[in-house]
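Below are the chains, spelled out letter by letter.
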Amino acid sequence: MKLKIKKSADNGRSMFSLAGEISIYTVKGLKKLIDTEFGKNASVELEMSGIDRIDTAGFQLLLYMQREAESMNTEILFRNVNEAVKSVFNFYRETCPTGA
Amino acid sequence: MTDAKSIFFVESRELLDTMEKSLLTLEKNNSDTESLDAVFRAVHTIKGNSGMFGFSSIEDFTHIIENILESMRHGDVPVDNKISELLLDCRDFIEVLVNACDSNSGQALDTDNDEYRQDLEDALMEYLGSGTADLLKDKTPGTSSLETGPVINGRDSGDTVINDCWHISLRPGKEVFNLGLDPFSFIKYLESLGEIAALRTIYDDMPCGKNMDPELCYLGFEIDFRGNTDRAGLAEVFEFMQDDCEIRILPPKSSVSDYVRMIEELSDEPMRIGEILREIGSITDSELSHMLEMQKSNGEPDTLHIGNILVQENMVQQSVVNAALEKQKSMKKRDEQNRKLIRIEADKLDNLINLIGELVIVGSNVRQLAGSRDSTGLVEVVENMSRLIEEIRESTMNVRMVQIGETFQRFERVVRDLSRERGKEIDLVIKGGETELDKTLIDKMSDPLIHLIRNALDHGIDTPDVRIKKGKRARGTITLNAFHETGSIVIEVKDDGNGLDTERIFQKSVDLGLISPDQNISDYDLIQNIFEPGFSTAEKVTNISGRGVGMDVVRKSIESIRGSVQLESEKGTGTIVRIHLPLTLAIIDGFMVSVADSYYVIPLDMVLECTEVQRAELDSKEGGNFLNLRGDVLPFIRMREFFGEENAGPEKPKVVVVEHAGRRAGLVVDDLIGEFQTVIKPLGRIFNGLRWISGSTIIGNGEVAYILDIQKLVQNIRNTDLSEISAGESARG
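From first to last, the protein sequence lines stand for chains A and B.
Residue numbering for the first sequence follows this note's numbering, beginning at 243 and increasing consecutively.
Residue numbering for the second sequence follows this note's numbering, beginning at 335 and increasing consecutively.
Excised from the complex, chain A in its bound form (with noise of 0.2 Å):
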């Protein structure tokens, strides 16, 4: 029932290494951190080869990362999305997020 988020920074493009689960118990943590990204940086991008699970929750707040980065003019990259993000995605017939 853990995240862990690992941050790093390379010519104005925040990178977030995330690995664990993005849950009801996980997204008020992770939304405060992404939230100050937006607007501030020109790229966020998110390592989620370490997701090992999401629920609706999460789904919710990747939907809501995709549109407000887009309304903010911040580019969002999804990189590495495994199995256990592609199928709730896939569920819910959203199209999964993807990196360059």
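Simulated from the structure, these hints should not be mistaken for laboratory data.
Heads up, a few of these hints could be off.
Restricting the straight-line Cα-Cα distance to at most 20 Å, the calculated cross-link-like pairs of lysine-lysine (PhoX-like) are [stated by the list, open to error]:
1. B/K508 to A/K273
2. B/K544 to A/K274
3. A/K273 to B/K544
4. A/K282 to B/K544
5. A/K328 to B/K522
Given the structure of chain A, go ahead and fit chain B onto it with the hints provided.
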């Protein structure tokens, strides 16, 4: 509420009339889309209204019919006579339901009706595809009476959406995550029952930035589910979260209106959801446009605005919005038309007319009194007042005037049904439908007319093969015609059938003692005998006995409204029944005359002219009472003699020439008083036996004037003359 309900019943009956009329038109011309639309509108309105008043029996039944009609409009169900016939039966059944609800017997119909209803519904369902009957009927969310599974036949059933899936709209409460409930697991569980054909996540309500609390749920889900389950089974899936979410379940092939209702309940932005439903395939383009139309007709504010936004955002095709707006326009137009009409209770109107009747009498009295005073100013004012009273009277009477065409139209169904039953082919031709007649008269004419039409159909017109043998067209014709004629309205019922058998009628008349066997009587006068009580030639009456109305009853009903009826018939060619009715019931323009000390009023529109004769000239007549009126023979009657006055009267009596039903006669009176507007007051019950007086009125000096029953007088004059002639002939013979 009671008022509103009674309006519902009145309106429903009117709509049923429209429905019948349009269905009959549709039957004649299967491609008449206007009639089809009219039928649809009628059913749709009845359905909506009955739902509003909670008459679910009507609502459910009309719902199914509406679906069929929608399919017919889309061309999915071909329009043919078989379906029109079925729809006519359904229309009749709606009437039964409406009457049942109206008579406060609630919706309790006997089992016969239940069975009949089932038969009708089954027949309807054959058009919609089997097995959908129950599904169509059950559209109340939350009920679990539904036991049948969804039917997958991919047919577009009109008002119902094409989609054969259950539709589930799920709006979890904001707190579900915190309660440890994850919608994912519930929706996922659906997969164990069947297939999630489509799913769309709605997150439009999710706030931006800091306002978004990630621990609250802002999501909503629109799910199309295909599986062999029932409503209860689906409801069970979400049982654990049912207290914390809004859920709507629509069975497969629900109606578009159900979707509209669902959307309106669920969302502040109904059109967005509508669009989403279309995207995921729950509904089609046309269904969406139907929704738009419905929302507009529901009086949704700002609909135009929403439509524009939708187009700008490419959410809806312009054509869809245009179509919807077009429909909205035509609906508004109809509303406006409706607004020009006011419904008034007949009693209120009757009361007004009675009062105006009194006013007319008092007005006439004032006028007469003023005339006897030597005051020019007074006379002038009274004249003005009289003119105004007359205008008021005329406009008020006009309020009661109704075109007779509407009543005539109703007989189309009678003719159609009866001719089929009898294996005959008969057209009903309607002429003069725009002729206006007092509403009370029209109502009272309905039964006699039906009887006459039935007679023509039963006995007048033969089956096609017999007609062809007789060298006629296979299809017979019954013509209903209405027109004005000297102060009366004439209604003709004409058929091109066999005509009356004068020999049989002669024989029967002799048997009944109406005429003597050696009496010389014209065919015209002979056949009028069939209006006599007890008159029936056995062959003629068998089929219609059981209707409980004979020709004498027809005549009595017509006479009860101061009308008269005559027959004309030519053997082998056909029969015409001609009914003369007064223009109005209560108030007439009269022409007052005096005979001895009494005053009499003759309806002015029956008066042709007045002339003066020498008494000596009248007295010199021998054998018959005939005058030479500019070369024409005019039978006359001496009113003094007729009413048993003793004195001989003035030297130069006046003759009032009256006409009724094309026959003229002269009434010899003492003096002409002049025009007189009057209200007919019925005489008291003890005077019921008076034959020549149809009513009375009060004149200015307080005396009573009698209103002459010209129709009977004219008839009497003719009969007297004829008997005199025949008496003369037999004396000579």
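Given the hint that B/K508 pairs with A/K273, does the C-alpha gap stay at or below 20 Å?
Within the cut-off at roughly 17 Å; holds.
Regarding the pair A/K282 and B/K544, is the alpha-carbon distance no greater than 20 Å?
Holds, at roughly 15 Å.
Against the 20 Å threshold, does the CA-CA distance of A/K273 and B/K544 hold or violate the hint?
holds (9 Å)
Pair hint B/K544 and A/K274, alpha-carbon separation not exceeding 20 Å:
Answer holds: B/K544 to A/K274 is near 9 Å, not above 20 Å.
If you draw a straight line from the CA of A/K328 to the CA of B/K522, is it 20 Å or shorter?
holds (15 Å)
Figure legend: structure checked against the earlier numbered hints; every hint is met.
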